[in-house]
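Given next are the chains, with one letter for each unit.
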Amino acid sequence: MIAFFLIALLQLKVPDAQQIVGPPAARPLAGAELDKRTAEIAQLLRCPVCQGLAIGDSPSIMAMNMKEQVRELLARGYSQEQILKYFEQSYGQFVLLKPKFQGVNALVWILPLAALLLGLGLILMKMNKLERPPPAAAAPADDPYLARVRELVEK
Amino acid sequence: MNKTVLAVGIAITAALVAVFFLAMGKDPQHIDSPLIGRAAPAFTLRAVGGGQPISLEQLKGKPVVLNFWATWCVPCYQEHPVLVQNAQLLGDRVQFVGVVFNDTEDKIQAFLRERGEAYPTVIDDAGKTAIAYGVGGVPETFFLDPSGKIVAKYEGPMDAGTLQTYVAKAMQ
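Chains W and P supply the protein sequences, listed in that same order. Sequential numbering from 2 applies to the first sequence in our numbering. Sequential numbering from 10 applies to the second sequence in our numbering.
Any given hint could be a false lead.
Claimed, not checked - Okay, derived cross-link-like pairs now, SDA-like style, lysine to any residue, Cα gap no bigger than 20 Å in a straight line:
no.: 1; chain 1: W; residue 1: K14; chain 2: P; residue 2: Q61
no.: 2; chain 1: P; residue 1: K162; chain 2: W; residue 2: F95
no.: 3; chain 1: P; residue 1: K69; chain 2: W; residue 2: V15
no.: 4; chain 1: W; residue 1: K127; chain 2: P; residue 2: T13
no.: 5; chain 1: P; residue 1: K116; chain 2: W; residue 2: I62
no.: 6; chain 1: W; residue 1: K127; chain 2: P; residue 2: P43
no.: 7; chain 1: W; residue 1: K101; chain 2: P; residue 2: D41
no.: 8; chain 1: W; residue 1: K127; chain 2: P; residue 2: K12
no.: 9; chain 1: P; residue 1: K12; chain 2: W; residue 2: M128
no.: 10; chain 1: W; residue 1: K86; chain 2: P; residue 2: P43
no.: 11; chain 1: W; residue 1: K14; chain 2: P; residue 2: G157
no.: 12; chain 1: P; residue 1: K158; chain 2: W; residue 2: V15
no.: 13; chain 1: P; residue 1: K12; chain 2: W; residue 2: G120
no.: 14; chain 1: W; residue 1: K127; chain 2: P; residue 2: N11
no.: 15; chain 1: W; residue 1: K86; chain 2: P; residue 2: L44
no.: 16; chain 1: W; residue 1: K14; chain 2: P; residue 2: Q67
no.: 17; chain 1: W; residue 1: K14; chain 2: P; residue 2: V57
no.: 18; chain 1: W; residue 1: K130; chain 2: P; residue 2: V14
no.: 19; chain 1: P; residue 1: K12; chain 2: W; residue 2: M126
no.: 20; chain 1: P; residue 1: K158; chain 2: W; residue 2: M126
no.: 21; chain 1: W; residue 1: K14; chain 2: P; residue 2: P62
no.: 22; chain 1: P; residue 1: K162; chain 2: W; residue 2: V50
no.: 23; chain 1: W; residue 1: K14; chain 2: P; residue 2: D134
no.: 24; chain 1: W; residue 1: K14; chain 2: P; residue 2: A56
no.: 25; chain 1: P; residue 1: K12; chain 2: W; residue 2: L123
no.: 26; chain 1: P; residue 1: K158; chain 2: P; residue 2: V176
no.: 27; chain 1: W; residue 1: K14; chain 2: P; residue 2: T53
no.: 28; chain 1: W; residue 1: K14; chain 2: P; residue 2: G59
no.: 29; chain 1: W; residue 1: K14; chain 2: P; residue 2: G60
no.: 30; chain 1: W; residue 1: K127; chain 2: P; residue 2: A16
no.: 31; chain 1: W; residue 1: K14; chain 2: P; residue 2: L68
no.: 32; chain 1: P; residue 1: K158; chain 2: W; residue 2: G120
Hint data in this document are derived by calculation from the structure and do not stem from the laboratory. Nothing here was measured: the structure is a model prediction, and the numbers come from that model.
Here chain P stands alone, though its shape is the one from the complex (with noise of 0.2 Å):
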């Protein structure tokens, strides 16, 4: 065989290899967010149960947890106990939001009665909030710094461990 094709071949199997080998093991649905140490884009949601609505510039001045998720959301359902915890244990230090989409204020309320409530939830109608955050699917947290600037994104599931490692970033 030529010399010249085998050097070829071998340098284009070797390439595609370590492609392979570059891609195994990451998550296909994680999307680096080019929203980290930018301003979270701003909104003013309806809250859960009527009430003054709760917009994000009211909320500068301490960390913020925010929390996309959603009553027909199966992971939503392991991760609120957490959240609710955490919520009661860090209590003023740190704001706490949920923020639901595509959802019936109903089942919401529903939720919240049965699995308890420690902090305010917002209604995302449409989900354009959920958009502009660019969510990929829900649970999906977003860890904001005392000026309102983005520090971190959390998909899927958080435990405990992981929520206070998160909020210890937002509050540096």
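In isolation and in its complexed conformation, chain W is listed as follows (with noise of 0.2 Å):
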């Protein structure tokens, strides 16, 4: 009976990272390393159960999962290029906290700084204007009046 369990438990086979993003491509971490750079990593994937939530930051457990698939796959040597290409493939783009620069996402980083550039174009072309001083008035040459105040002036 138990040697039925051990082979049946031997045949179990859950879907790996490796057919996914290929071997790990850093080195394995361990203790107070792996707790960090688990923490930092689930603070990138989004939880898809919650409203804008890291799964860092979720008590839900498909968060936790996530949290602990990102901690096992550190401890074996998966890097965070790699391990937030996993999940992507999976939930696509949604995961990421830090949307990609491609595609229409590219707006999420073009658009503010376009604001910003146009904002500023705006307060410089203002402050342009406010600077320069009025065109003074051409006054005519034969004016009788000027040439009162030229006398008076001259004397």
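Both chains are sitting in their own frames, so use the hints and assemble them into the complex.
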């Protein structure tokens, strides 16, 4: 009976990161460093059942499973880039809290910068206008009033 | 007011209104699965109640309905009779498989005894298979064609009509 269960246990297989992102590209982590890196990467992945929460901040079962998976992958020597790619393959870019600079997502990075530059441009234009002295009105040379004023000043 | 400033203001407001209008009515929890059209992640998991482990590989050749659920999931209670009835109705033409994660075997067996069982159920202990399938919450169901390719995903409890529509898609 025990042998049957052991054989059955050995046959079990869950989808593995190696099939998706290849062999580990970094060194295996352990101890305090493993805890630290797990917490850091858990802040980069979105909890799929929460509203905008990182898996590191969510108490949901799914988030805890994902965090445990991050920990296991780091312990096996997977790099941050590989781990993010592994989750992205299953959940899409939705799972990345920091969107990638590509496609429509690039607008998330470009638009605030464009708005800032536009605002700066408008401010500079306005400042330039305020600093420029108003053009002096050209007086006609034969103005009798001006001629009288000049005459009085020169006296 | 300066006409340029007014025009820029109107353009920005119109863009924001358009974004809000497009987002309205969409489920913020919905995740478009990048797995649609790709081969389903392979697994071999232990069956509830002992017996030989079940692998996805051995199910190739007929459409598969892969239902992720758990006994702690309230909507799963609503969906279970729909799955059981349709599994019985479709018989050998479609293979149904239940995948349970973060649960105990005792609770799963009690649930199945009480509410009926018409297809195998496997246990995904640490939820790794659920993660590989991009499961957000339960219930969530994947429909695989006979070659093992994912053709559709449904989030939430299904009624009979929804289930049959997706099964038909997997059978094409």
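So, going through the hints one by one against the coordinates:
no., hint, verdict
1, W/K14 / P/Q61, "13 Å, holds"
2, P/K162 / W/F95, "16 Å, holds"
3, P/K69 / W/V15, "17 Å, holds"
4, W/K127 / P/T13, "12 Å, holds"
5, P/K116 / W/I62, "17 Å, holds"
6, W/K127 / P/P43, "49 Å, violated"
7, W/K101 / P/D41, "17 Å, holds"
8, W/K127 / P/K12, "14 Å, holds"
9, P/K12 / W/M128, "18 Å, holds"
10, W/K86 / P/P43, "12 Å, holds"
11, W/K14 / P/G157, "17 Å, holds"
12, P/K158 / W/V15, "17 Å, holds"
13, P/K12 / W/G120, "16 Å, holds"
14, W/K127 / P/N11, "11 Å, holds"
15, W/K86 / P/L44, "14 Å, holds"
16, W/K14 / P/Q67, "13 Å, holds"
17, W/K14 / P/V57, "16 Å, holds"
18, W/K130 / P/V14, "15 Å, holds"
19, P/K12 / W/M126, "15 Å, holds"
20, P/K158 / W/M126, "59 Å, violated"
21, W/K14 / P/P62, "9 Å, holds"
22, P/K162 / W/V50, "16 Å, holds"
23, W/K14 / P/D134, "11 Å, holds"
24, W/K14 / P/A56, "13 Å, holds"
25, P/K12 / W/L123, "13 Å, holds"
26, P/K158 / P/V176, "13 Å, holds"
27, W/K14 / P/T53, "5 Å, holds"
28, W/K14 / P/G59, "16 Å, holds"
29, W/K14 / P/G60, "16 Å, holds"
30, W/K127 / P/A16, "17 Å, holds"
31, W/K14 / P/L68, "15 Å, holds"
32, P/K158 / W/G120, "50 Å, violated"
Hint compliance for this structure: hints 6, 20, 32 are broken, all remaining hints hold.
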